[in-house]
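Enquirer: Please work from the sequences and hints to get the whole structure.
Keeping their order, the protein sequence lines are chains U and S.
Quick note on our numbering: the first sequence kicks off at 1 and runs consecutively.
Quick note on our numbering: the second sequence kicks off at 1 and runs consecutively.
Quick caveat, the hints were computed from the structure, so don't treat them as lab data.
Keep in mind it's a predicted model, so treat the numbers as computed, not measured.
Please note that a few of the clues may not be correct.
A pair holds if it fits inside one copy or across any two, identical chains being indistinguishable in the list.
As the list claims (entries may be wrong) - Derived pair list, reagent style BS3-like, types lysine-lysine, alpha-carbon separation capped at 27 Å:
#1 K129 / K102
#2 K102 / K131
#3 K24 / K102
#4 K129 / K24
#5 K131 / K11
#6 K24 / K131
#7 K94 / K24
#8 K102 / K11
#9 K129 / K11
#10 K52 / K129
#11 K11 / K52
#12 K24 / K11
#13 K85 / K52
Protein chains: 2
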Amino acid sequence: MNPIFHALFQKSRYLTNCLNEVLKQHNLYSSQWAILYCLHNHGPMTLTQIWKYLNVEAPSITRAITRLETLGWVLRIDGEDKREKIVALSPYAKEHLPAITKTILAFEEEMVGSLTVEEQQQFIILLEKMKG
Amino acid sequence: MNPIFHALFQKSRYLTNCLNEVLKQHNLYSSQWAILYCLHNHGPMTLTQIWKYLNVEAPSITRAITRLETLGWVLRIDGEDKREKIVALSPYAKEHLPAITKTILAFEEEMVGSLTVEEQQQFIILLEKMKG
DNA sequence: TGAATTTATTTACCTAGCTAAATAAATACT
DNA sequence: AGTATTTATTTAGCTAGGTAAATAAATTCA
Chain U
1 MNPIFHALFQ KSRYLTNCLN EVLKQHNLYS SQWAILYCLH NHGPMTLTQI
51 WKYLNVEAPS ITRAITRLET LGWVLRIDGE DKREKIVALS PYAKEHLPAI
101 TKTILAFEEE MVGSLTVEEQ QQFIILLEKM KG
Chain S
1 MNPIFHALFQ KSRYLTNCLN EVLKQHNLYS SQWAILYCLH NHGPMTLTQI
51 WKYLNVEAPS ITRAITRLET LGWVLRIDGE DKREKIVALS PYAKEHLPAI
101 TKTILAFEEE MVGSLTVEEQ QQFIILLEKM KG
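Expert: Below is the structure:
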């Protein structure tokens, strides 16, 4: 396997594992955090908006939202268009998000801090350059 | 979420999906390919050697090897040390690997070819720099 | 308006990683 | 030699992604 792919996949796995480790203290998984963060920034969203934004398929989001709902992090509200469900943060989530955000920012700083801002930009540029 | 993480995770998912798509014609998944390639380069290996090399946990490899065995790609042989199982490519795998390797090389070239060699090196350096 | 098509979500089931604990063989210790 | 510890593999069960197909509401169009 191409060393670039090998390195990329491995770092990706490594970072999600680290992220999950850090999120344990808040009883969250990284995928759940991604959704909460998304809702925090955009306000209530439909399922479709969420999966399009996060760039994953719809069933993954359905499952994650169901879990987040039973855990009390989000509410599912019927939209005007009766096909769609609107997902919103619960009061519980709104209360706890600042602390979680703080944890995450510290983690990200630790992980990415060894790169200069230019290196970070360069990294993203190189990532985007890779495609067909 | 930090844009670097977002971009990294997304590209990683995207590339494995592409890889799976390309491997469909050989009835393989990317994780299976990783193991076959590993055995192709190193010759027969124990399970522990494989998971340490690929940097995943043992149970993932056990499952993948079991599947590869029932599909006829690999053989599991008892080692001298009766605890360990040695995994080797089957004649079927040896016969088909060249064609698969060709497919993969073309795919990798397509994905990574838009980066110069220096950019590829730079990319790996930046990846490794990211840690705690 | 009624049928056909599109769109949003869900369900079922697959790969692919993880941890924790079980099993079995090898090694170390006294 | 016999017990305790370590090591290799497996099993069970979790998150997290994917596809394909089902369902139900909205939209299009003849």
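Enquirer: None of the hints should be skipped; say for each whether it holds.
Expert: Results of checking the hints against the structure:
1. K129 / K102: This pair counts as between: shortest inter-copy Cα distance 23 Å, intra-copy 32 Å.
2. K102 / K131: For K102 and K131, the Cα distance is within 27 Å only across copies (19 Å; inside one copy 34 Å).
3. K24 / K102: Intra 14 Å, inter 43 Å, cutoff 27 Å: intra-copy only.
4. K129 / K24: between (34 Å within a copy, 25 Å between copies)
5. K131 / K11: Both, since 18 Å and 9 Å are each at most 27 Å.
6. K24 / K131: between (34 Å within a copy, 19 Å between copies)
7. K94 / K24: within (18 Å within a copy, 44 Å between copies)
8. K102 / K11: both (23 Å within a copy, 26 Å between copies)
9. K129 / K11: both (18 Å within a copy, 11 Å between copies)
10. K52 / K129: The answer is within: 21 Å in one copy meets 27 Å, while 31 Å across copies does not.
11. K11 / K52: So K11 and K52 pass the 27 Å test inside a copy (24 Å) and across (15 Å) alike.
12. K24 / K11: Result: close both inside a copy and across copies, 20 Å intra and 25 Å inter.
13. K85 / K52: within (15 Å within a copy, 44 Å between copies)
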